[in-house]
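Student: Using the sequences plus the hints, can you model the full thing?
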Amino acid sequence: MEYLELASIVCAALAVAIGSVGPALAEGRAVAAAMEAIARQPEAANTISRTLFVGLAMIETTAIYCLVIALLLLFANPLLA
Amino acid sequence: MNSPLAATVLYQLGPVPITQAVVTTWGIMAVLVIGALLLTRRLGLRPTRRQAALELVVATLDTQIRETTGAEPSPYRGFIGTLFVFILVANWSSLVPGLEPPTAALETAAALAILVFLSVIWFGVRAGGVGGYLKSFAAPNPVMIPLNILESVTRVFSMFVRLFGNVMSGVFVVGIVASLAGLLVPIPLMALDLLTGLVQAYIFAVLALVFITSTVAEGKPEPEPAPAQPSIKTSKKDT
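Note that the protein sequences, when read in sequence, are chains A and B.
Under this note's numbering, the first sequence has 838 at position 23, and the numbering climbs by one with no breaks.
Under this note's numbering, the second sequence has 197 at position 131, and the numbering climbs by one with no breaks.
To be clear, the hints were calculated from the coordinates, so they are not data collected in a lab.
The reader is advised that the hints may include incorrect statements.
Taking CB as the label site, the calculated pair distances span [stated by the list, open to error]:
| hint | chain 1 | residue 1 | chain 2 | residue 2 | range |
| --- | --- | --- | --- | --- | --- |
| 1 | B | LEU71 | A | GLY843 | 23 to 33 Å |
| 2 | A | TYR818 | B | PRO141 | 55 to 65 Å |
| 3 | A | GLY843 | B | GLY110 | 27 to 37 Å |
| 4 | B | ALA257 | A | THR862 | 22 to 32 Å |
| 5 | B | GLN86 | A | LEU829 | 25 to 35 Å |
| 6 | B | ILE100 | A | ALA854 | 42 to 52 Å |
Here are some chain B residues the structure puts well away from chain A; computed CB gaps all over 12 Å [stated by the list, open to error]:
| hint | residue |
| --- | --- |
| 7 | ALA137 |
| 8 | LEU154 |
| 9 | VAL209 |
| 10 | GLY231 |
| 11 | SER235 |
| 12 | SER245 |
| 13 | VAL272 |
| 14 | LEU273 |
Calculated Cβ distances over 12 Å to all of chain B for the following chain A residues [stated by the list, open to error]:
| hint | residue |
| --- | --- |
| 15 | TYR818 |
| 16 | LEU821 |
| 17 | CYS826 |
| 18 | ALA891 |
Please read these numbers as outputs of a predicted model, since none were measured by experiment.
Every residue, glycine too, gets a C-beta built ideally from N, C-alpha and C.
Tutor: Pasting the structure below:
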């Protein structure tokens, strides 16, 4: 079953590659918006950065899901067992 | 290379396999409990240096809880503070050579997430009774009941995958780089892991707090709108 192994390796790479594009763009936008907000209201920097961190972690979870899927494909693939 | 999803079994305790993550967890628990006992042994009104440092930690936790929820921190301080401190120490335990953070294993992250799931039920029932807790599922309106039930499971699952994925990916990347490049190269990545570990501990605690307080707020009996109107009238009279 070389075909299945090859397919899972390619798909794992694709999952991480494509799955990291969206969160990267989203995190960029979130940080940009937070920077703008802090520049306008420096006294609210604490609240903004706290919310920013929580939001960033939420966004990053999407990429982490892709990573987990990729690792599942590579290390715990039910089709290869 | 070892699979990051597999657990290393150290020895068998009867039918139960004891993995490395569990042993590390026991070690962290012992350090935290004994440390807390020793540090809080002689508390006085005139704080010593040690006590002042401890009070700083507790006061910071309290401020964070109050700012996140707007509620009094005392009911949540124990659980949320323990979650935060434990996950932080667990994430940073990779600094000790030879240790792997237990949160990088599936079972520890899953156990922590299940704890959050149970604590949401516990705090919800304690605040509004069983009826109030059940009512919180019908929060905006009863159409949302299936979605709310689904959400209560999926949000905990997402916490589990988030904690596990973040910590495990850090350990995994450091392992790959160390096996490819050599001894000192992964140090910047490990420094990044420290930041990730802190942020993830914070996120986990804050999310648990948000879930708990939203359930508590939705399960509470409706505040009567009656007192609001007289106050407006009186204010009109005053003006």
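Student: Determine for every hint whether it applies to the structure shown.
Tutor: The hints, checked one at a time:
1. Hint check: LEU71 of chain B to GLY843 of chain A, Cβ distance near 30 Å, so the stated range 23 to 33 Å holds.
2. A C-beta distance of roughly 57 Å is found between TYR818 of chain A and PRO141 of chain B, which places it inside the suggested range of 55 to 65 Å.
3. The hinted window of 27 to 37 Å between GLY843 of chain A and GLY110 of chain B is violated, with their beta carbons roughly 51 Å apart.
4. Taken as a hint, the range 22 to 32 Å holds for the pair ALA257 of chain B and THR862 of chain A, whose Cβ atoms sit roughly 27 Å apart.
5. Evaluation of the 25 to 35 Å hint for GLN86 of chain B and LEU829 of chain A yields a pass: the beta carbon distance comes to about 32 Å.
6. Between ILE100 of chain B and ALA854 of chain A the beta carbons are some 47 Å apart, a value that agrees with the proposed interval 42 to 52 Å.
7. The non-interface label for ALA137 of chain B is consistent with chain A: the shortest C-beta to C-beta separation is roughly 17 Å, beyond 12 Å.
8. LEU154 of chain B, annotated as away from the interface, keeps every beta carbon of chain A farther than 12 Å; the closest lies near 14 Å.
9. With a minimum CB-CB distance of about 25 Å to chain A, VAL209 of chain B clears the 12 Å threshold, and the non-interface call stands.
10. Residue-level check failed: GLY231 of chain B sits 3 Å from the nearest beta carbon of chain A, not beyond 12 Å.
11. Annotated as non-interface, SER235 of chain B brings its C-beta within 12 Å of a C-beta of chain A; the closest such distance is 6 Å.
12. Every CB of chain A lies more than 12 Å from the CB of SER245 of chain B, the least distance being 16 Å, so the non-interface label holds.
13. Distance check on VAL272 of chain B: its Cβ comes as close as 6 Å (rounded) to a Cβ of chain A, failing to clear the 12 Å threshold; non-interface status is violated.
14. Here LEU273 of chain B does not stay apart from chain A, with its beta-carbon only about 8 Å from theirs, under the 12 Å limit.
15. Taking the minimum C-beta to C-beta distance to chain B, about 22 Å, the non-interface status of TYR818 of chain A holds against the 12 Å cut.
16. Every C-beta of chain B lies more than 12 Å from that of LEU821 of chain A, the closest at about 19 Å, which supports listing it as non-interface.
17. Every CB of chain B is more than 12 Å from the CB of CYS826 of chain A (nearest about 17 Å), matching its label as outside the interface.
18. Remark: the non-interface label on ALA891 of chain A conflicts with the geometry, its nearest Cβ contact in chain B lying 5 Å away (cut-off 12 Å).
Hints 3, 10, 11, 13, 14, 18 from the list above are not met by this structure, while the remaining hints are.
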